[in-house]
Amino acid sequence: MRLLMCPPDYYGIEYEINPWMSKGRQTDRQRAHRQWADLRQMLETRLSLKIDLVEPIAGLPDMVFSANAGVVWGLKFIASNFRHEVRRGEVPFCVEWFRRQGFEIVRLADELFFEGEGDLLRCGDVCFAGYHIRSDILAHQRVAEIIESEVLSLELTDHWFYHLDTCFCPLGAERALYYPPAFDQYAREVLQGHIAELIPVAAAEAQRFACNAIVAGNAIVMNDGCPETREKLQSLDFTVYETPLDEFIKAGGSAKCMVLTID
Amino acid sequence: MARSIVDISGHIIDSLILPKVLDLIINLGAEFRIIDIHIGHRRADRSSARIQIDAPTQDSLEVILAKVKEHGALPVETEDEAARLEPAPADGILPDSFYATTNLPTLIRLDEKWIEVEYPEMDCAIRLIPTSGRAETVPMHRARKGDLIVVGHGGVKVVPMERHVPREPFEFMSSAVSTEQPKGLLIREIAESMRRTRAERGRILVVAGPGLVHTGASRHLIELIENGFVQVLFAGNGLAVHDIENALYGTSLGVYLEKNIRASEGHEHHLRAINAIRKAGGVRQAVEQGLVQRGIFYSCVKKGVDFVLAGSIRDDGPLPDVITDTLKAQDAMREKARDVRFALMMATTLHAIATGNLLPATVKTVCVDINPAVVTKLSDRGTFQAIGLVTDVEPFLRELSQYLKRDENTSDAL
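For the record, the sequence lines run as chains A and B. Numbering that gives the first Met the number 0 applies: residue 0 is where the first sequence begins, and numbers increase by one. Numbering that gives the first Met the number 0 applies: residue 0 is where the second sequence begins, and numbers increase by one.
Just so you know, these hints were derived from the structure itself, not from any lab. Just to be clear, a hint being listed does not mean it is correct.
Label-pair ranges, simulated between beta-carbon atoms [to be verified]:
(1) B/109 to A/1: 54 to 60 Å
(2) A/157 to B/30: 30 to 36 Å
(3) A/18 to B/65: 21 to 27 Å
(4) A/156 to B/35: 26 to 32 Å
(5) A/14 to B/361: 52 to 58 Å
(6) B/391 to A/184: 57 to 63 Å
(7) A/95 to B/109: 47 to 53 Å
(8) B/30 to A/1: 51 to 57 Å
(9) B/109 to A/157: 44 to 50 Å
(10) B/334 to A/148: 55 to 61 Å
Using N, Cα and C, we set each Cβ at its ideal position, and we do this for glycine too.
Okay, chain B solo, but in the shape it has when bound (with noise of 0.2 Å):
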């Protein structure tokens, strides 16, 4: 397969050059999707699209470009101009007009060809790694003296993706934020997009803040963990802490969850948890050592779930598996983060924010929470590709768990 995104405009849509365009590319045997299109207002009015052209192979996409280009439609790249390169000046700093990534598919062109950027992140460093010919990303602080390091902008090619035109249920889901929207069907296409992540074998991350433990969502998300559909979970001290109250002493910060009346020096609860789990030497160790019976992370445990737990200043204790290095937590979560198809993010702001600028928008992203806020804030710090539900946690995780139960029992019936 060869690709190739080109430029058309001028008088396109009257002239009907932009349809002939596109059926020039399928009679010649390539595949078209219009990336963009913009139509004049009036007749003076010029209209413009930018075409992705997908050909079986390089020499039909080669003919297909220059039969195109007779009809006005121009590859977007300068073929010519090749990435250019400097060295890092110093560890951690990026030399000066450096490339900042976005969260898209990148490439970058060296030696006549386009070369993948791995682990598209938004707002890192391009670096080349001179003896693989790979590129990669690279944050800021992980730069070294001497790192070759992608500078301007001149053969560096970002693929856009397609936002308006659905093409499977999941994108009909639009990524603006209302507590009108009609949950029911979100929850069911969500259920749907990750069973079939789960069945292409792709990871599931889900990102959980402790109102999951407080709402009594505990029990949903543990069944989501142990049919399957979890292979990371990134939190902080705070979900870990709760969930291990819960699993000790039946409460959270001192309520009891199924009587819903506080217990006496439940104040205490968390504090005597932590306590107990520094003392077991980690989370892992405690559901080992048989002090930890339930809960989210003893199924973690149990299933083999990656879990990053990262720290922040308020943390009480905090349990040993938190990261306190705040640029070490991020490194864990970027390299746990490689890979996943899916993220889930439910009642957190911090940690679905420090997710989402780690994904590549390739990867189909729901944040869930009663603060409309939380998305609206992921979106605009660059998680275009979130879909955001404002709604309490605890009904959400429940239906979302009835649904992927229901789409189990069906698949078992066939």
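One chain only, chain A, in its complex shape (with noise of 0.2 Å):
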């Protein structure tokens, strides 16, 4: 498994586009920077996992944030299309990283909102989406077609949830996490009709981010203070690794934000 990451040279709270984000609440550079180099070093020699790394750039405080760059599909990156205006500089850098790694690019329309991996998880055979708050419902009808896979579209109702990563975990084929007050009850039927086990997170830990997890195999990496989360991870045979990320949900992010799966 391969990753992309972006260091956080220049991450902080320079505007606020959701409710976690308080310009009055400043992140600590230092300790930012020593909490995203321990999660790598996790990932490199824990998980074994590749990290490459597309360079951060001045005035893109969320670049940190690799998984709303976009969608790789075998050699196909699917690039985002942000909401908000001060994300959409991050767009040709890292579509520029993936063109010279000979992915080919593949752009929507302009007025199709998608936020890549940060709204599409895979689960088994199906790719969920999710809808309302950050990407579009036809965006995702887009995505469809090019990936010519099923994609169904979840409507998230909560914005301390905006994006399906941080709500919604798959726990490879037939298990995932999820928080249910974060969907809509269409969304919660078509999860339980979907999905054998659906393991339902406590709002105090899915508060700390634990459904904001990166799965490799049988190994979860979560950020720490979700005892109960990982307790019923452990007793399903999961390996978890907990970080502490905690400067990172100042932005609203956490471990699974700040990974984008490359194969």
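Take each chain as given, in its own frame, and dock them per the hints.
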């Protein structure tokens, strides 16, 4: 498994585009850097994952959340169209990185908002996609055509859980963690109808970004302070690695937000 | 009432997006109708649906459209596109890319408003009347130089008709032609539909061929006319000639219908009948002079039924009432067909197709013929709403008039 990350050199709270962000509650840059480096090291050494880096750009503080750059599907890179102007500057740099790696670049029409792996996660044969807060449902339809796969759109209703990867985490093909209140009733029914074992996460741990975990086989990396989820996962024979990421929660992100799956 | 049509597609079934959108419409106080739905076969296949939304007001419709759009349902028309107009270059000539009409309800967009096209008719053009701002269909030969004609497809909206979801008994009938259908049920439904049309003061049109007289079915049609079930009659020279021959001589093509024997010199009867009517000045005059005292046309005159007789190249005579200029005949039929709500076509190919061409798709149309090809032809030429019954016209009309009589008695009893 190969992941793309972006060092947090320019990370900070420079604008407010989700309820977590407050310019009055700044990040500790050094601490953030240390937490990011610890996460990277854990992925490389403990999980033996290959990490690629895209160069951070001054003035683009959220570029550290590389999961939102787009979606990789085979040799295609479907670039994001951010809903918020402040994040659109990230796109050309990520596109350029994938172009240099030899990926075919796919751009959606400008009016179709789509925020990459933040809102599109695969579980078994099906891709689940979050919409209404950041990505548009019409973008999902286009993505479904491009990847020639079933994409089931799930309406997200809680702005604290604005991306699908903040409230849903596939664990292999038949299991997933999820935070039920983040979804509308139809979305919950869709998840219940398609995933054999759905593990609900309690509110307190969902707010610690328990669902924003990186899953590689039987290994899971997540923010610390989610004991209930950790025990549940351990009882299912997962190896859970916890690492503090609270500097990033200030911007509404955690472990999964900081990696984009390349293959 | 405000209406709009939206399209939605994608993996809308498994994701419950379609039921969610439909629930939304209902919860916001409007009604929906699924006009068309296509469901993908494999998991990766997309599905699609076209939904009609009827909201109590334009404002509530706007709210609903904005809401369903968030879930991927988009209005079918591009609201900003206006219909394009070009002047007709000469009398009877349309601009090159004129919009060719269907028989479905149609709207055109002008000055940011949708205008309903009056008198939907297939294979015509759409003409704008600038003085009144109205739009109407215009057959090619009626276009006049300088008339403003709609060109291209932009700004034109056709309202599709629901075909598969039955809503009233009449719609249970499929338009498939079959000799194997249980006819009793169909005829009963036709009778009910005619009664409803009459009760709502809708006009009923009968189109009939001369076979109706040969088979001895005249008396049933007369009963229908006498009981107010016919307001308009379209036919050719033949039906009128045979009806009048029967009125004057008791024969049809020289055969006494009552006794089923051939009259001596009977083959001349229809010519003598034509001559007598020509002498009287026309059918109406012959009835008024007391020359014709019974029959279909006698009843038509007495009951004030409008009739149009359209000529053909093989006509004997013809009767003075027959319009021999086909374009003039078509125009006369067109005018009388307006406001018709129910059409019953029996034992005629030519007149059935000619009439089918003039009727909007919203007119309930029944075609009865012993030859299945007639009904097939009618549907194939665009009158898709036609219900076909393959049967001899006499037993059909006999049964129909019995049902209508029975219903009449029931309603009297009530």
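> Hint numbers the structure violates, sorted upward?
Replying inline: none
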